[in-house]
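Generate coordinates for the entire structure from the input sequences, incorporating the hints supplied.
Protein chains in written order, with my numbering: chain A, 1 to 165; chain B, 1001 to 1365.
Keep in mind the hints are simulated off the structure, nothing from the lab.
These numbers were taken from a predicted model, which means no experiment stands behind them.
Where is the CB? At the ideal position from N, CA and C, for every residue including glycine.
There's no promise every hint is true.
What the hints assert, rightly or not - Chain A is faced by these chain B residues, among others (derived, beta-carbon under 8 Å): (1) Gly1043; (2) Asn1125; (3) Lys1274; (4) Ser1331; (5) Leu1334.
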Amino acid sequence: MQYELRSMFEGISTEGDGETRVTVKCRKETVITMLSFLKKTGFDHLALISCVDRINNNELELVYILSSYGGDAAMQKLNILVKTRIPRENPQFYTATEIFRNASPYERELHELFGIFFRGHPGLTPLFLEREYDIPPFRKDFDTRKYVKDVFDQIPFVDDKKGRT
Amino acid sequence: MRELELYFGPQHLGMVGNFSITLQVEGDRIVKATANPGFLHRGFEKLMEQRTWIQNFPLVCRINVVEPDHMELMYAMAVEKLAGIEVPERAQFIRSIYLELARVGSHLFGLWAYANMLGFDTVANWAMYHRDLILDLFEELTGGRVYHIYLWPGGVRRDFPEGFEDRIRSTLHTIGSCVPDYDDTFFHNRLFYERAHEVGKLSLEEACRMGAVGQVLRATGMKKDIRKTEPYAAYDQVDWEIPVRTDGDAYSRIWVVRDEMIESVHMIFKLLDKLPKGEAYQRIPNPFKWKIPENEVYVRCESSRGELGLYLVSEGGDKPCRAHFRTPSYSHGLTILEKALENESIADVGNIMISLYITAPEIDR
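See below:
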């Protein structure tokens, strides 16, 4: 599996035990081709799209986790993690909704929590949040404690309002 | 006919949990459905980045209220893999027994919700009562009824108390002796068939395309279960079957749930018979100073709703760098629900939603 992928795609590196987990690191241009190739090979279940904020390298790491529905026993055991890195400033990526139907909510989630814009997504509307944030809240430089203090300290207590301090 | 927009939930009586669906209706036919999650978003994954490895246990179990145990398992398994901790054999068996009890409890809760929605109040109350018997077992074992925090990196928090195995057996016999009553009043009832048959139908091809897992997938005829494909705990030590149905409608889904409960009970008996002696936990380093080497891991298990996964990243510190839960309700509630509701009647919204086993806290996290 790993040899096959390395011979087909340029500039990728693979690691893993080959039995249960295989990690494929590739350039951001290769990801969508890679996903549709893997889907045709039988890895047709998109388990998760996740993102890690690598703030020290000034990059966001996208992770697509695939597994197989109908493959043989060895294939069903295997999870493939396709990883790529994109810059942290004005992050843009391509949508995977045309390959996997259930990619849509994951991309909406990453859009609002990490600020990644997925080009070609049919409706990139907010999923969970109802307020606008300057920094997308799941990034490492968003300080939850400071935000809570800033927002909720401005709301006066009931007792203060009535002048019964 | 004129099209109307209806808001179903979160205050609607037919809604289970803090979830809402916007329905475009024409008469009482649904033209288009849009799921609106977010009423329960607490940002747990962000909070986990600010707490030490052990402090996260009270957080992860609150991600799914109905069955917190599989969340604990996922987090414990991920930490074990990152830190390279081996789990003793007895602890593996105790984990399996505990998780199967949790599965039966969760399915009984699901049966309560479903029967209640269809108006079978008697069956709903039975299911709730029987779930309570299982919660009594959990209370004796862990001290908590709903949230247990029992699984731990390296095993379980404490061994079974004296005579606990017999009490599990007698409780399960009490519940099992009522299966004929459940069958007569509910599962073989014509009313249940008429309400659920051909409702919210999914074909196998559609289910795979939209990322179905768990009993939603098994009700469409695919024999897939993580406990078989990638065994964890002690699931490879005993024989058991995966219950499957082929119709893919609400009726088959509830039948798969029933068969799964019975299979789980049989599995607990087999596990109890083979329960080995020995240690129930492995010592872990001092939790206050525990640093885990830089690595990342994806672990998965079969919760009562389907494939549950955790992507956990460590950067060598005393806290996780990133945790992301892959929850089964996510695809079921946001992708499949919208498709399954199309061209159905408004009266069947709750029917379809509960048969898909959607829990809102799992989606929002």
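How the hints compare with the structure:
no. : hint    : in the structure
1   : Gly1043 : holds, 7 Å
2   : Asn1125 : violated, 35 Å
3   : Lys1274 : violated, 24 Å
4   : Ser1331 : holds, 4 Å
5   : Leu1334 : holds, 4 Å
Hints 2 and 3 from the list above are not met by this structure, while the remaining hints are.
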